[in-house]
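*Asks:* Sequence lines, in order, name chains P and Z.
Residue 5 is where the first sequence starts when you use the working numbering, and the numbers rise one by one after that.
Residue 2 is where the second sequence starts when you use the working numbering, and the numbers rise one by one after that.
Note that these hints are calculated values from the structure, not bench results.
It cannot be assumed that every hint is accurate.
Derived DEER-like restraints, expressed as beta-carbon distance ranges [to be verified]:
#, chain 1, residue 1, chain 2, residue 2, range
1, Z, H57, P, Q44, 18 to 24 angstroms
2, P, L118, Z, A43, 44 to 50 angstroms
3, Z, S34, P, K155, 51 to 57 angstroms
4, Z, F47, P, L21, 40 to 46 angstroms
5, Z, V54, P, D48, 32 to 38 angstroms
6, Z, L50, P, I82, 18 to 24 angstroms
7, Z, S108, P, Y43, 52 to 58 angstroms
8, P, E60, Z, L95, 29 to 35 angstroms
Taking beta-carbon pairs under 10 angstroms as the criterion, some of the chain P residues facing chain Z (in silico) [stated by the list, open to error]:
#, residue
9, L57
10, N59
11, M84
12, L87
13, M88
14, V92
15, I95
16, A109
17, F110
18, L111
19, L122
20, G136
21, F137
22, I139
Beta carbons are placed, not taken as given, at the ideal position from N, Cα and C, and that holds for glycine.
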Amino acid sequence: MKFLVTKELEQNKLLRLQVLWLTAILTLFLVTDLVLHHYQVGFDPSAAIEHILGNEEAFIEPILLSVLLENIHIDLFISMITLMLLVVIFIRVVHDSKTKLIHLAFLSAILAPLSLLLGYFYAEVFISLWIGFFILWHLCALYFAVTIFRKL
Amino acid sequence: MPQYGIALRYFFVMTFLVLGSGLWMFVTNTSLSLEGTSSHYALKSFYGLLETVSPHLFAMAVLIFILTHFFAIVSGVKHENFRLFSLLFFTVMLLSNVSGFFIDESSLFFTLLKLGSTLLFILFSFFALYKLFKMT
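Let's have the full structure, built from the sequences with the hints guiding it.
*Replies:* Right under this line is the structure:
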């Protein structure tokens, strides 16, 4: 990541192009990740609750804890790498970077999987919170990406 | 710039959560016992093991590089101290992934190697996170 925070970003056209491509692909990833989770879990609270906790009347089994943990494990790793890359470039290109937005992006990415676990073990309302946090960190990341495009 | 510090600290928290969820899965699958570890890995097919090992080789190597490269670029850190640490870190990660392929019901050595190297990997990660938290 040190390679991305070099002061030569404005003068080095090759590095600028590479950073632009990285941001473009990460933007594509963010959109596809939203679509994938929409199909897998669902962003409608009732669909998400049914997927995670099951539905006795419809004979739908709850998701296995091992599967849920695996999903959380993968999502956490991907979100931390994606956010870190975008935030590091964002701070570099935007001189008056919005610190509150950086907090919001990381906190929502951290709270999303925790909400999912709490929803699985304690109360359905946390699954709705997961939907909110999950979409929120994606929107923050997309904002970082759009700002990077505009500034570079 | 303080904003890099903020991003880094969140990154470390998320790394801690990734390790925590991984450890949780490992404990659930193996019960951290010799019998549990041996039966879990001996029952897995080559394809099943590869499905786990392949993404972990990539993710763990990236994670180790990101964590350890800070020791190389932060001023005031004695490189000699962390050269051996980085070498051991990568080695236990490799052993942790590869040893699973050699475990069968009677192989005590590889079961111990899997358990030991995985726990060492977690320990090294927490140590690196602790050191980096103190530095930032």
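*Asks:* Evaluate each hint against the coordinates.
*Replies:* We went through each hint and held it up to the structure:
1. As the Cβ distance of H57 (chain Z) to Q44 (chain P) is approximately 22 angstroms, the hint placing it in 18 to 24 angstroms holds.
2. In this structure the hint that L118 (chain P) and A43 (chain Z) lie 44 to 50 angstroms apart at CB is violated, the actual value being about 34 angstroms.
3. Our hint of 51 to 57 angstroms for S34 (chain Z) and K155 (chain P) holds, since their Cβ atoms are close to 54 angstroms apart.
4. For F47 (chain Z) paired with L21 (chain P), a C-beta distance near 42 angstroms keeps the hint of 40 to 46 angstroms intact.
5. One distance hint, 32 to 38 angstroms for the beta-carbon pair V54 (chain Z) and D48 (chain P), holds here, with the actual separation near 36 angstroms.
6. Between L50 (chain Z) and I82 (chain P) the beta carbon distance is about 22 angstroms. The supplied range of 18 to 24 angstroms therefore holds.
7. In this structure, S108 (chain Z) and Y43 (chain P) break the distance hint of 52 to 58 angstroms, their C-beta atoms being roughly 42 angstroms apart.
8. For the pair E60 (chain P) and L95 (chain Z), the supplied restraint of 29 to 35 angstroms is violated, since their beta-carbon distance comes to about 46 angstroms.
9. About 19 angstroms separates the beta-carbon of L57 (chain P) from the nearest beta-carbon of chain Z, more than 10 angstroms, and the hint is not met.
10. For the restraint placing N59 (chain P) at the interface with chain Z, the shortest Cβ-Cβ distance is roughly 25 angstroms, beyond the 10 angstroms limit, so the hint is violated.
11. At about 4 angstroms, the closest approach between the beta carbon of M84 (chain P) and any beta carbon in chain Z falls short of 10 angstroms, and the interface hint on this residue holds.
12. Taking 10 angstroms as the C-beta cut-off, the interface hint given for L87 (chain P) holds, the closest approach to chain Z being about 8 angstroms.
13. A cut of 10 angstroms between beta carbons decides the hint on M88 (chain P): the least distance to chain Z is about 5 angstroms, and the hint holds.
14. Because the closest C-beta pair between V92 (chain P) and chain Z is about 6 angstroms apart, less than 10 angstroms, the hint holds.
15. The interface hint given for I95 (chain P) holds, since its Cβ lies 5 angstroms from the closest Cβ of chain Z, which is under the 10 angstroms cut-off.
16. Against a cut-off of 10 angstroms between C-beta atoms, the interface hint on A109 (chain P) holds, since the closest Cβ of chain Z lies about 8 angstroms away.
17. Among the interface hints, the one on F110 (chain P) holds; its C-beta lies about 4 angstroms from the nearest C-beta in chain Z, closer than the 10 angstroms criterion.
18. Taken as an interface hint, L111 (chain P) checks out: its beta carbon lies about 8 angstroms from the nearest beta carbon of chain Z, inside 10 angstroms.
19. Violation of the interface hint for L122 (chain P) is found here, the shortest Cβ-Cβ separation to chain Z being roughly 14 angstroms, above the 10 angstroms cut-off.
20. Because the beta carbon of G136 (chain P) sits about 19 angstroms from the nearest beta carbon in chain Z, more than 10 angstroms, this interface hint is broken.
21. Hint status for F137 (chain P) relative to chain Z: violated, with the closest Cβ pair at about 13 angstroms, above 10 angstroms.
22. Annotation: interface hint on I139 (chain P) violated; nearest CB of chain Z at approximately 18 angstroms, more than 10 angstroms.
Checked against the numbered hints above, the structure breaks hints 2, 7, 8, 9, 10, 19, 20, 21 and 22 and satisfies the rest.
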